[in-house]
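A.B. asks: As a plain string of letters, each chain reads:
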Amino acid sequence: MAKRITVFLLIAFIFICNTPLLVLGENIDNSDENSSVVSSDANESQDSTDDIEDDANGDGNDTDNTQDSTDNAEGDDNDEPEGYVSNIADYNNTLGDNIDSLQIRINDIKYQYNLDVLIFTTNVAYDIPTREYVDNFYDENGYGIGDDRSGIILVLDLEAGQIWTSAKGNASTIFNDAVQLEMYNGELLESFSTHEDYYTVLEFLNYVEHYAHLDSKIGTNKNVADPDGIIGGDIYALQERIESIGSKHALDFFILATDNVNGKTSQQYADDFLDYMSLRSDKDVEGLLLLIDLDNQNLWISSVGKGIDTYTDERLDSMLDDIIYYAADGYYYEACESYLDNVDHYAQLGVPYDQYQQDEHDEVIYKKPTYFEKLKLQVTNPITYILPVIIGMIITLIASLNQKGRVTVSGATYEEQNSFFLADQYDTFLRKTVTTAKRNTSSSNKSSGSGGSSGRSSTHKSSSGRTHGGRGRSL
Amino acid sequence: MSSVKKYKCLHCGAGLEFSPSDQSWKCHYCYSDFSIEEVENAYDEDELPDEDQPELDSYSCNSCGAELIADDTISATFCLYCKNPTIIKNRFSGRFKPQLVIPFNLTKEDAQKIYTKWIKKRIFAPKEFKSKDEVDKITGVYVPYWLFDCEIEGMIEGVGTKVRTWVTGDLVYTETSYYNVLRDGSCRYNLLPIDGSKKLDDSIMEKIEPFDYKKMEKFSLPYMSGFMAEKYDVDSDEASISMKKRVQKFHEDRLKGTVKGYNSFKVKTSDARFNEIDEQYAMLPIYLLVNKHKGKDHVFVLNGQTGKVVGDTPIDHLRQFLFFGAVTLGSLLITLFGGALIG
Chain A
1477 MAKRITVFLL
1487 IAFIFICNTP
1497 LLVLGENIDN
1507 SDENSSVVSS
1517 DANESQDSTD
1527 DIEDDANGDG
1537 NDTDNTQDST
1547 DNAEGDDNDE
1557 PEGYVSNIAD
1567 YNNTLGDNID
1577 SLQIRINDIK
1587 YQYNLDVLIF
1597 TTNVAYDIPT
1607 REYVDNFYDE
1617 NGYGIGDDRS
1627 GIILVLDLEA
1637 GQIWTSAKGN
1647 ASTIFNDAVQ
1657 LEMYNGELLE
1667 SFSTHEDYYT
1677 VLEFLNYVEH
1687 YAHLDSKIGT
1697 NKNVADPDGI
1707 IGGDIYALQE
1717 RIESIGSKHA
1727 LDFFILATDN
1737 VNGKTSQQYA
1747 DDFLDYMSLR
1757 SDKDVEGLLL
1767 LIDLDNQNLW
1777 ISSVGKGIDT
1787 YTDERLDSML
1797 DDIIYYAADG
1807 YYYEACESYL
1817 DNVDHYAQLG
1827 VPYDQYQQDE
1837 HDEVIYKKPT
1847 YFEKLKLQVT
1857 NPITYILPVI
1867 IGMIITLIAS
1877 LNQKGRVTVS
1887 GATYEEQNSF
1897 FLADQYDTFL
1907 RKTVTTAKRN
1917 TSSSNKSSGS
1927 GGSSGRSSTH
1937 KSSSGRTHGG
1947 RGRSL
Chain B
990 MSSVKKYKCL
1000 HCGAGLEFSP
1010 SDQSWKCHYC
1020 YSDFSIEEVE
1030 NAYDEDELPD
1040 EDQPELDSYS
1050 CNSCGAELIA
1060 DDTISATFCL
1070 YCKNPTIIKN
1080 RFSGRFKPQL
1090 VIPFNLTKED
1100 AQKIYTKWIK
1110 KRIFAPKEFK
1120 SKDEVDKITG
1130 VYVPYWLFDC
1140 EIEGMIEGVG
1150 TKVRTWVTGD
1160 LVYTETSYYN
1170 VLRDGSCRYN
1180 LLPIDGSKKL
1190 DDSIMEKIEP
1200 FDYKKMEKFS
1210 LPYMSGFMAE
1220 KYDVDSDEAS
1230 ISMKKRVQKF
1240 HEDRLKGTVK
1250 GYNSFKVKTS
1260 DARFNEIDEQ
1270 YAMLPIYLLV
1280 NKHKGKDHVF
1290 VLNGQTGKVV
1300 GDTPIDHLRQ
1310 FLFFGAVTLG
1320 SLLITLFGGA
1330 LIG
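Quick note, the sequences are listed as chains A and B, same order. FYI, the numbering for the first sequence is 1477 to 1951, going by this note's numbering. FYI, the numbering for the second sequence is 990 to 1332, going by this note's numbering.
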């Protein structure tokens, strides 16, 4: 119960402060501390922040350590721009000797995505909010890239048993609350709880790079991402069309064309991008993504949510048949248009009545739709209407048959017993004809096994654990 | 001798009617009960004459003296004024003298019950067919019938085929052998009924057959008392044409039954001769109800002996459409909600 209250207060706190910060309590006891965080006023916390800074500086050992690592990092990256500072404040000295490699990773990220990363470890039990302290630390030490000082902070509070993250500037768009929560629920919390702090940071950097990379693909158009100018043509027209189709069918459709998928397979990348779309929009995206992957020379369509049901394997294959016709010759804009034509067409048809999901272990997943959903399915099924009309017609026809009565007598009724006498009978053979016909070899007409049922939507799990459907074709 | 006959209770003098449930004559007034012998003995002076009696311009009821309203073929009826059963004896005389009768076995109430049950199943029948007035109009009628005995000699000739198939390798062989088939035979048919009234459609009357001849009696006039009766207006020669058609069909079927071992058989020619045609004039009981609907007669006929029903009713298209709508809607609800339940 107390844990639940903690989580509730944390969420409330996040909304009050209106800054993208998430804290996940490990210790139930923390609830008191956190509530005091909410109640403490600005002046008080400002005062205490100063205290802590003094405390931190007073702890010579820790500071030295940090200084060392900073020096090392500086030595490795001599070509760094001016104003460079070490991004790892390992006050707890918990990250070990590999701290340099972490700094190199951070520098990579900084350079590639214009995004600062601050790693902060502490084991000092402060009675003031660490968040404010770290924020000040970030601001005062000149972290952040660009005018909005874009960056993300990871704090490992070993004393409180908490990890939390905070994003600033543009980074708070990339790493919104949903993305940050996703990180916690992923590997971060797990490796932190087993005190593998180095791996926690490594994992964090992986996440940061993962999402920063995905974010770098998103252009000005929400649903059509063409970062490498592959599609060409009037992207805005595609965007307008995709939006109108999406709102018509209450599904979300995306197109992504890229020549860099960061070493992933087309399927992984398409799934990841769709998952990120869910996180970015802070709602579960239900629909379809077309990935034109020139890195792997593949087309891949990934489906998620209701999109899995509507776009069965058979339909996706048929869509890909159409799309590849254009894409194979490099007409990617036409390929996208063909994709949208198909998307609209099948959304119109709705979920096939015989649709089912089958996961990668060939296990058929009977999702349990609600009665209302089944009713909706039934409403759109033409059989629902055709069958009653046929039944109505048959029953009416039977009821209308004018049973005038039948003749029940035959010759036998009036025939005198034993009076029938066959006087003569001939059976004379006239002629004979013989015809031949080719034998019907019905056994060879059997369909080969791999086709499968038309209603199947095969599914698999993406790296984040979400269920996706999808089909692909190589270009 | 009066040309109009009325049977009166031997005790109180009220009208006597034949009661199908007791197979005797009942006085509705004093509840007396008389057997055929008693009634016949009491009226034994009234042997039906073998000579044709002249048709009179009019007949009058011998109870109340009112003129009987009856068309040319009606031979037994009720007085329109005093409701007493009245028999026009002249129309049972001479060549119109029946030899046989099957007495009614079902009462009017039985007939009404059967009709009510039958019309209930006719869900598309117009409302007026189901009214109480309609049910009351059911009338017991003795229909004039010719019962024919005859012998037929006939033959059929046609082509029969035998088919044999076998497989060799990839080929299926079909061998068809054609045969000329002839059957010639004779048979006797007894008491084949052909109705002798033009008013009644032969095809309907065929459907209420068979009658149970074991209950057939020698004709006696008192049986007519309490029912309508008709005299024939189709004479035996005319009726024998219908009879021959039926018997020839029977015989052809009989001969076809002897053609065995063929995959198909088609009759090309047939021929028939009739010998020893003999007919008897009989009165057979039916209950009749004729409904006029939009200028067309719809007939309900009930075999007064066995209860077999024949009849047709018009279809009320509005009722039919409403029924279709209801069934469709009902099954729509089932396919929709039930389908979603099991889906």
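Mixed in with the good hints, there may be bad ones.
Unchecked claim - The list that follows gives simulated cross-link-like pairs (lysine-lysine, DSBU-like), each with its CA atoms no further than 30 Å apart:
1) B:Lys1257 - A:Lys1908
2) A:Lys1759 - A:Lys1852
3) A:Lys1908 - B:Lys1245
4) B:Lys1119 - B:Lys997
5) B:Lys1257 - B:Lys1116
6) B:Lys1106 - B:Lys1116
7) B:Lys1109 - A:Lys1908
8) B:Lys997 - A:Lys1908
9) B:Lys1196 - B:Lys1119
10) B:Lys1106 - A:Lys1914
11) A:Lys1908 - B:Lys1283
12) A:Lys1937 - A:Lys1782
13) B:Lys1285 - B:Lys1109
14) B:Lys1126 - B:Lys997
15) B:Lys1116 - B:Lys1097
16) B:Lys1151 - B:Lys1196
17) B:Lys1249 - B:Lys1283
18) B:Lys1187 - B:Lys1255
Because the hints were derived from the structure by calculation, they are not lab data.
A.B. asks: Each hint should be assessed against the structure and marked as holding or not.
C.D. replies: Against the structure, the hints:
no. : hint                  : result
1   : B:Lys1257 - A:Lys1908 : 19 Å, holds
2   : A:Lys1759 - A:Lys1852 : 23 Å, holds
3   : A:Lys1908 - B:Lys1245 : 23 Å, holds
4   : B:Lys1119 - B:Lys997  : 36 Å, violated
5   : B:Lys1257 - B:Lys1116 : 50 Å, violated
6   : B:Lys1106 - B:Lys1116 : 15 Å, holds
7   : B:Lys1109 - A:Lys1908 : 57 Å, violated
8   : B:Lys997 - A:Lys1908  : 78 Å, violated
9   : B:Lys1196 - B:Lys1119 : 23 Å, holds
10  : B:Lys1106 - A:Lys1914 : 58 Å, violated
11  : A:Lys1908 - B:Lys1283 : 59 Å, violated
12  : A:Lys1937 - A:Lys1782 : 15 Å, holds
13  : B:Lys1285 - B:Lys1109 : 21 Å, holds
14  : B:Lys1126 - B:Lys997  : 25 Å, holds
15  : B:Lys1116 - B:Lys1097 : 22 Å, holds
16  : B:Lys1151 - B:Lys1196 : 36 Å, violated
17  : B:Lys1249 - B:Lys1283 : 50 Å, violated
18  : B:Lys1187 - B:Lys1255 : 35 Å, violated
Consistency with the previously given hints fails for numbers 4, 5, 7, 8, 10, 11, 16, 17, 18, ordered from lowest to highest.
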